[in-house]
Amino acid sequence: MMPAQPNLDEILAGYGRERDNLIPLLQEVQDRFQYLAPEAVQRVAEHLELSENDVYGVATFYAQFRFVPPGLHHVKVCQGTACHVRGSGMIVDAISRTIGIEPGQTSADGKFSLERVACFGSCALAPVVVLDDKVFGRMTAAKTKKLIEDKE
Amino acid sequence: MSFATLQDQARLEWTEFERPDQARILVGSATCGRAAGSLEVLQAFAKELDKHDLTDSTKTFEVGCLGMCYAEVLVEIRSRDGLRVLYHGVEPRHVPQLVESQLVQGEPYLPRALAVMTADDKADLPAFTELPMIGPQVRIVLRNCGIIDPTNVRHYLARGGYQGIARAIGMGPDAVIEEMKQSGLRGRGGAGFPTGVKWGFARNARGDKKYVICNADEGDPGAFMDRSVLEGDPHAVLEGLLIAGYAIGASTGYVYCRAEYPLAIERLQLAIAQMRELGFVGENILGSGFDFEIKIKKGAGAFVCGEETSLMQSIEGKRGMPRSRPPFPANAGLFGKPTNINNVETLAAVSAILEKGAAWYGSFGTDKSRGTKTFALAGKINRTGLIEVPMGTRLRTIIEEIGGGVLGGKGFKAVQTGGPSGGCIPADFIDLPVDYERLAEVGSIMGSGGMIVIDEESCMVDMARYFLTFTENESCGKCVPCRMGTQHLLRILTDITEGRGSLDQIETLRRIGDTMKNASLCGLGQTAANPVLTTLQYYEEEYRAHIEDHKCPAGACRALIRFDIDPARCTGCMACARACPVEAISGEKKKPHLIDQERCIQCGSCRQACKFEAVLVS
Numbered sequence: 001m002m003p004a005q006p007n008l009d010e011i012l013a014g015y016g017r018e019r020d021n022l023i024p025l026l027q028e029v030q031d032r033f034q035y036l037a038p039e040a041v042q043r044v045a046e047h048l049e050l051s052e053n054d055v056y057g058v059a060t061f062y063a064q065f066r067f068v069p070p071g072l073h074h075v076k077v078c079q080g081t082a083c084h085v086r087g088s089g090m091i092v093d094a095i096s097r098t099i100g101i102e103p104g105q106t107s108a109d110g111k112f113s114l115e116r117v118a119c120f121g122s123c124a125l126a127p128v129v130v131l132d133d134k135v136f137g138r139m140t141a142a143k144t145k146k147l148i149e150d151k152e
Numbered sequence: 001m002s003f004a005t006l007q008d009q010a011r012l013e014w015t016e017f018e019r020p021d022q023a024r025i026l027v028g029s030a031t032c033g034r035a036a037g038s039l040e041v042l043q044a045f046a047k048e049l050d051k052h053d054l055t056d057s058t059k060t061f062e063v064g065c066l067g068m069c070y071a072e073v074l075v076e077i078r079s080r081d082g083l084r085v086l087y088h089g090v091e092p093r094h095v096p097q098l099v100e101s102q103l104v105q106g107e108p109y110l111p112r113a114l115a116v117m118t119a120d121d122k123a124d125l126p127a128f129t130e131l132p133m134i135g136p137q138v139r140i141v142l143r144n145c146g147i148i149d150p151t152n153v154r155h156y157l158a159r160g161g162y163q164g165i166a167r168a169i170g171m172g173p174d175a176v177i178e179e180m181k182q183s184g185l186r187g188r189g190g191a192g193f194p195t196g197v198k199w200g201f202a203r204n205a206r207g208d209k210k211y212v213i214c215n216a217d218e219g220d221p222g223a224f225m226d227r228s229v230l231e232g233d234p235h236a237v238l239e240g241l242l243i244a245g246y247a248i249g250a251s252t253g254y255v256y257c258r259a260e261y262p263l264a265i266e267r268l269q270l271a272i273a274q275m276r277e278l279g280f281v282g283e284n285i286l287g288s289g290f291d292f293e294i295k296i297k298k299g300a301g302a303f304v305c306g307e308e309t310s311l312m313q314s315i316e317g318k319r320g321m322p323r324s325r326p327p328f329p330a331n332a333g334l335f336g337k338p339t340n341i342n343n344v345e346t347l348a349a350v351s352a353i354l355e356k357g358a359a360w361y362g363s364f365g366t367d368k369s370r371g372t373k374t375f376a377l378a379g380k381i382n383r384t385g386l387i388e389v390p391m392g393t394r395l396r397t398i399i400e401e402i403g404g405g406v407l408g409g410k411g412f413k414a415v416q417t418g419g420p421s422g423g424c425i426p427a428d429f430i431d432l433p434v435d436y437e438r439l440a441e442v443g444s445i446m447g448s449g450g451m452i453v454i455d456e457e458s459c460m461v462d463m464a465r466y467f468l469t470f471t472e473n474e475s476c477g478k479c480v481p482c483r484m485g486t487q488h489l490l491r492i493l494t495d496i497t498e499g500r501g502s503l504d505q506i507e508t509l510r511r512i513g514d515t516m517k518n519a520s521l522c523g524l525g526q527t528a529a530n531p532v533l534t535t536l537q538y539y540e541e542e543y544r545a546h547i548e549d550h551k552c553p554a555g556a557c558r559a560l561i562r563f564d565i566d567p568a569r570c571t572g573c574m575a576c577a578r579a580c581p582v583e584a585i586s587g588e589k590k591k592p593h594l595i596d597q598e599r600c601i602q603c604g605s606c607r608q609a610c611k612f613e614a615v616l617v618s
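As you go down the protein sequences, you meet chains U and E in turn. Counting in this note's numbering, the first sequence runs from 1 upward without gaps. Counting in this note's numbering, the second sequence runs from 1 upward without gaps.
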């Protein structure tokens, strides 16, 4: 069975019309729809009585918000300092080579997307890869490649 | 229910938790523990206990982080004879032996045993407090992490929790501020401003409504102190926020937490619900007439929001850009109202100070930097983890004793403190006492507490470029010195690491750096050049080697290095050939291999794979 399509009206109804609701509202919309579609942004703007321009201004300021759907499997590679000195650059390269996309892209078949993230705060287990919200520590290029291939 | 009754109940529950004749298993399950597989270990215990019919007699708890992240998954088992043993590196496959050995036979499972938890435990193992990693530490902020069940407010209460706010209410707001001044506590977010003085400003500001904010937007890459405290002891932070609110006369508190920390947010939400149930938020707290509400705001991934004025813009639903000061937040902050903002670690210290007194806290640390500081120890070091030491502890103690020295016996080159706002401190300064003043003297900063150990294989120009990649990306773009400065620094550093640098660029880096320091609007821009300026100060010869000789002495900058296989050392094991992602390595089994330089992408996979140090970098 397909999961029920989230309902934008229901989400909007949970928030007042004050401006400080904007970021939490965008976060919930993205949480439920996986990204911020133009229609969703328009509806959020109407609800808070802001211009769409204003909402995009805020949404694009923050790294968290996406405007295209992510892949079925979302891979995040930590770029924190500890991960950097322990070779996270090699890991990004290995994933790029394995699935043929650069950070910020989604593969043509919609199966994978790759994102570089500032720091997960699991520095003691560097380098860290997060696949579909599960954290993997002490990664190497080879282990990451296997992790990806297992999902293919 | 009165506070005293509540405390009695909590103590009873704690005594039960600590009863030596009750078997108990504690599994470290903060984010680090989970990344290392703690949830799988928990499942394995559930299955194994069931098999031995021990489920009813042995309770299992998820606890926070003891700070020994390198040794995760950490498990403490107490058998019915009272023996408490700490096990390290536990995987699900060890669980049957652990249960059989300690819970059934009453003997520690030695292959994975690290320590006994108290010196009275009769076993041939060191005591936890005497471990080299733990011995030099003083845990005030981390007092409960890994010891209590963070989801159980009664554990927090039984260990002195909420006595701080009770005492504060007995003293009155002015005396609380005076106590904070006496304690000498300085802001642990990085800038080191005296907390009591800051509270005084907000208390004296006029306004019908005031706010307090807990800054949990721990954005420095390489820092995770705040995450660990929030996950392992959320009430310690929330009580600090409550005390700050009481002292300045605020009725609403915000916790602004990074969205990248989902477990911390979950623990905060639960803790606030528990506070409401027990009457620590809501109206008339502890019968004092003081009303207080706490709200959580999730960050959305912008480093600049760690800066106080940006953070407030973000809470208001705007782009998180800083503004010039004055007016300071103490007078006109969130929604234009007087606002006090403190960092997570500061607030966790506040609750301890109010519980135990300023004199007690002031007895730790140095004259101008009192108390303790937590550090996230990571990078090329044997024992990575979260530590807390008195201010003034020497770098040598931290790196050699607590951290167990540099990974793989390599040479210690530098330690990076303060993240993208800090600097690299060379190995020569290993006897430096760590406090605000001393770190500033050598060109770095305390920062929030990230401490990354760098070995001889890390290139300092590449480190500077790494941090500038970060700050260039995170600069909000509002002021020119930061927006243009970070771009130009990054461009020049990229030129140098890719072999296109020229000597006059060294002077240009310094000039741009100085301008950014003096002219940027907020802390991000004012400090963004520090990684460049300190590496230039101590490692100018590395910059010159890149520019003049087109060489990276550390062997890290890809454009300037090549890998070769030493035929004398190569055993022909083929490990490197299998690791190579571009099939650039050829050679028969048991015969020396060869790297095709045309195909090689300088990724270093072969070097990592080789067990005989046969892959040379030049």
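Hints were generated in silico from the structure; no laboratory data involved. Note that this is a predicted model, so its numbers are computed, not measured. Some hints here could point you the wrong way.
[Claimed, not checked] Once the Cα atoms are required to be at most 30 Å apart in a straight line, the calculated DSBU-like pairs of lysine-lysine come out as:
#, chain 1, residue 1, chain 2, residue 2
1, E, K295, U, K143
2, E, K59, U, K143
3, U, K134, E, K295
4, U, K145, E, K318
5, E, K356, U, K76
6, U, K143, E, K589
7, E, K611, U, K146
8, U, K151, E, K356
9, E, K295, U, K145
10, E, K591, U, K76
11, U, K134, E, K591
12, E, K368, E, K356
13, U, K134, E, K59
Each hint, compared with the structure:
1. K295/E with K143/U: violated, 41 Å
2. K59/E with K143/U: violated, 35 Å
3. K134/U with K295/E: holds, 27 Å
4. K145/U with K318/E: violated, 40 Å
5. K356/E with K76/U: violated, 43 Å
6. K143/U with K589/E: holds, 24 Å
7. K611/E with K146/U: holds, 21 Å
8. K151/U with K356/E: violated, 53 Å
9. K295/E with K145/U: violated, 41 Å
10. K591/E with K76/U: violated, 39 Å
11. K134/U with K591/E: violated, 42 Å
12. K368/E with K356/E: holds, 20 Å
13. K134/U with K59/E: The given pair, whose Cα atoms are some 26 Å apart, holds under the 30 Å limit.
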